[in-house]
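Engineer: In order, the protein sequence lines correspond to chains A and H. In terms of numbering that gives the first Met the number 0, the first sequence opens at residue 0 and continues consecutively. In terms of numbering that gives the first Met the number 0, the second sequence opens at residue 0 and continues consecutively.
Hints in this document: simulated from the structure, not taken from any laboratory. Quick reminder that beta carbons are idealized off the backbone N, C-alpha and C, glycines included. Be careful, since some hints might not be right.
Said to hold, decoys possible - Derived coverage of chain H by chain A (criterion: at least 3 residues anywhere in the stretch with Cβ under 8 Å from a Cβ of chain A; other residues may be distant): (1) 31-45; (2) 81-93; (3) 102-110; (4) 121-129.
To be verified - Just the calculated beta-carbon pair ranges, DEER-fashion: (5) H:N43 <-> A:T91: 49 to 59 Å; (6) A:P170 <-> H:P129: 20 to 30 Å; (7) A:R212 <-> H:A64: 45 to 55 Å; (8) H:P129 <-> A:T91: 37 to 47 Å; (9) A:R70 <-> H:S74: 20 to 30 Å; (10) A:K144 <-> H:Q127: 47 to 57 Å; (11) H:E68 <-> A:K144: 28 to 38 Å; (12) A:G97 <-> H:P129: 35 to 45 Å; (13) H:A64 <-> A:T5: 46 to 56 Å; (14) A:W249 <-> H:G72: 49 to 59 Å; (15) H:Q127 <-> A:A8: 41 to 51 Å; (16) H:Q127 <-> A:H291: 51 to 61 Å.
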Amino acid sequence: MSDLDTFYATMRRQGITRRSFLKFCSLTATALGLSPDYIGKIAYAMETKPRTPVLWLHGLECTCCSESFIRSAHPLAKDVVLSMISLDYDDTLMAAAGHQAEASLEATIKKYYGNYILAVEGNPPLNEDGMFCITGGRPFVEKLKHAAAGAKAIIAWGSCASWGCVQAAKPNPTQATPIHKVILDKPVIKVPGCPPIAEVMTGVITYMLTFDRLPELDRQGRPKMFYSQRIHDKCYRRPHFDAGQYVESWDDENARKGYCLYKVGCKGPTTYNACSTVRWNDGVSFPIGSGHGCLGCSEDGFWDKGSFYDRVTDIHQFGIEANADTLGATAAGVAGVGIAVHAALSAIKRAQQTESNQE
Amino acid sequence: MSSGEIQAARLQQIFSEIQQQRMQDIPILNPALQVESLGFREWNGQSVGILITPWFMNLIILPAAPVPELRTGDSVSFAFPSANYEFLKNTEVELTYYSCSLFSPMFEFETQEQARAVAVSVLELLFQAPQVAAPAGATPTTLSRRDLLRGKLRQE
Numbered sequence: 000m001s002d003l004d005t006f007y008a009t010m011r012r013q014g015i016t017r018r019s020f021l022k023f024c025s026l027t028a029t030a031l032g033l034s035p036d037y038i039g040k041i042a043y044a045m046e047t048k049p050r051t052p053v054l055w056l057h058g059l060e061c062t063c064c065s066e067s068f069i070r071s072a073h074p075l076a077k078d079v080v081l082s083m084i085s086l087d088y089d090d091t092l093m094a095a096a097g098h099q100a101e102a103s104l105e106a107t108i109k110k111y112y113g114n115y116i117l118a119v120e121g122n123p124p125l126n127e128d129g130m131f132c133i134t135g136g137r138p139f140v141e142k143l144k145h146a147a148a149g150a151k152a153i154i155a156w157g158s159c160a161s162w163g164c165v166q167a168a169k170p171n172p173t174q175a176t177p178i179h180k181v182i183l184d185k186p187v188i189k190v191p192g193c194p195p196i197a198e199v200m201t202g203v204i205t206y207m208l209t210f211d212r213l214p215e216l217d218r219q220g221r222p223k224m225f226y227s228q229r230i231h232d233k234c235y236r237r238p239h240f241d242a243g244q245y246v247e248s249w250d251d252e253n254a255r256k257g258y259c260l261y262k263v264g265c266k267g268p269t270t271y272n273a274c275s276t277v278r279w280n281d282g283v284s285f286p287i288g289s290g291h292g293c294l295g296c297s298e299d300g301f302w303d304k305g306s307f308y309d310r311v312t313d314i315h316q317f318g319i320e321a322n323a324d325t326l327g328a329t330a331a332g333v334a335g336v337g338i339a340v341h342a343a344l345s346a347i348k349r350a351q352q353t354e355s356n357q358e
Numbered sequence: 000m001s002s003g004e005i006q007a008a009r010l011q012q013i014f015s016e017i018q019q020q021r022m023q024d025i026p027i028l029n030p031a032l033q034v035e036s037l038g039f040r041e042w043n044g045q046s047v048g049i050l051i052t053p054w055f056m057n058l059i060i061l062p063a064a065p066v067p068e069l070r071t072g073d074s075v076s077f078a079f080p081s082a083n084y085e086f087l088k089n090t091e092v093e094l095t096y097y098s099c100s101l102f103s104p105m106f107e108f109e110t111q112e113q114a115r116a117v118a119v120s121v122l123e124l125l126f127q128a129p130q131v132a133a134p135a136g137a138t139p140t141t142l143s144r145r146d147l148l149r150g151k152l153r154q155e
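The shape of chain A in the complex, shown without the other chains (with noise of 0.2 Å):
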């Protein structure tokens, strides 16, 4: 393939119609949070920019984001990501092994070098100098900071590169580590969820590829748009959390009727994550919908913030990153007018709908 391919051109050569490339532009916008103004700016990025390579480095981890990546629902997503974003290197997706898929990662990072996208699934375990993770005959780390010295940005998918997730729960006897900090010069999207969803990733990727930016990062490295909110705030049983009626044990009457999962441990007040508006398989339900607290899977060392089913009671756990958000200044508080209308500001841009959430 020559390295002046379009997106489109690829596209076109799978055997994708205009109509449904269209289709896939309108979608991904609207899963952006975009107006439709947008359609035409990712069609004509599409159809005029050369594809970005992507190396996609595996970690420790379970290939659970793999799985959940392949598995977007999105009509196109197999046939278009996949073959839009040009997977040079992905040691689980790949076709080459052994010595060629080695070749085939140097090989990437020469020719593409200050231009591509690296993403990590999963994270370096440091002890023993990196032995616990050898990839291609030396330690992950290395490679990770080998691919990372010539990438043009790089996201962390899932919790494990981005918080370190269950390798690095207490004694984290490995010494997983997550990614941001290792690599310490470039900045890290981070892209949390045991796995993130589908749509996110593809979503995260799109943006990059189309506008040729990062998206708006928060203060921890997430984007934006898909993690300003908790599944609190969004969450279908909400109105029975604000009505005091809970859940109390697992099947009682309270259960049936669908009430709050709170005091069955569900950590939707203290999770940053899109599972309750975009919720999951082509947004048939997530965990809340089938009966199940939310694990708070997408937030920092949620392994080692007890039992999954321990109601959240430590109030430090909650609104963390909305008094670092809303207010400006944790320990300020909303003392004056002017916190005041700026906290409401805050409160009332998160309740406003986007595109993505509506209906």
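Starting from the structure of chain A, add chain H where the hints point.
Structural biologist: Leaving out everything else, chain H in the frame of chain A:
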């Protein structure tokens, strides 16, 4: 009192009872706050205002005639001058209301006064139309047909 004010007072009473009865063992109440409904006003034939409680602050719509086929938790979209907002339906002691979350839990507020100040600002912003920025590079398209035929476009 108008019917909206009566409903708002009823809402406050209902949630005071909820706090005393159902929220007793819940550790996420802010003790500095109390239940208060405020700022209710007529809008499109229904009453719109804010409910502050120690565990949430929501925008509330009290409909004059609720849509009967909606169930608790179903969402309804309302277009305010500022934007569209998604509300969730609930019914408590035969009072139907639509609520849209602003804050929950409420630990960032130190006093009821602060919460009130934010609520008042929210209601102001809710009814303000967003300032539309003119698209960059847009040229005024006021060229009349006559000007066009006189070659004005070419001169520019």
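Engineer: Against which earlier hints does the structure fall short, listed by number upward?
Structural biologist: 1, 6, 11, 12, 14, 16
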